[in-house]
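Novice: Go ahead and model the full structure; you've got the sequences and the hints to work with.
Counting from 737, one number per residue, gives the positions in the sequence shown under my numbering.
It is worth saying that the hints were derived from the structure and are not from the lab.
Ideal placement from N, C-alpha and C gives every residue a C-beta, glycine not left out.
Computed beta-carbon distance windows for the label pairs: (1) 849 with 811: 22 to 32 Å; (2) 898 with 853: 34 to 44 Å; (3) 850 with 894: 14 to 24 Å; (4) 779 with 851: 31 to 41 Å.
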Amino acid sequence: MEKVKSFIISKRQVWEAYKCVKANRGSAGIDNQSIVDFEGDIANNLYRIWNRMSSGSYFPPPVKRVEIPKGDGRMRPLGIPTVADRVAQMVVKQYLEPLLEPYFHPDSYGYRPNKSALDAVGEARKRCWRYNWVLDLDVKGFFDNISHELLMRAVVKHTDCRWVLLYVERWLKAPIAMLDGSLVYPEKGTPQGGVVSPLLANLFLHYVFDHWMQRNYSHVPFERYADDAVCHCRTESQAKQLKADLELRFGECGLELHPEKTKIVYCKDEDRKGDYPVMQFDFLG
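Specialist: Structure below.
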């Protein structure tokens, strides 16, 4: 007789998660196993994931650190999980996302079903015609500085599912295999490149920014795509006050607005002919 599992996770959940991971493709993780390699023994590989997740014995392997060039010439660090770990993360994402989606703000556009960067840019363009000022926000090193404690408190607000909480916490603490071969055990942050990371990042900023804006600046519209956001203000003084308040708010949550890249912008056009130091910005360009 098969031993009773600690957690109720179906084999169908693991199979559906695998199909999504396969469709998204992606490169090999620390074990150098590609999706094609994984499929070579798919029945055993998926059974192993299901067996460990449902028994509570699944521990994520180290995340492979890679670097890709950014538009400004600097390098962006990414964390690449193994194929098997991506499947496990997808199981949690597919459970958690439907619980979170109804709470997310309509002007949060990043990594969400039926929303896109083009939607965010289109809405920003329309609002720039109606509002003279923009506060263009840049969060310094956002993904690397997410507080694990605050994030877990946010997750607990929406689910008490023990296996979801267990595995989210394990992924946050999973070691990172650096380029020199060393292992780093993170005390904060969630690696860009993980399957569940974008959802967790959205949840974190929902409480740090979106929900805070609704409570304190409900008259100021905004668009947010992951950690890029623009707020539309009527006056320069309103934009300055919002900037000061958001610097405090982000600081309270362990984050920092980039002092050079966060800027107040005048929306100059043929009808608005004022002259100010900053009169253009790049949102998701």
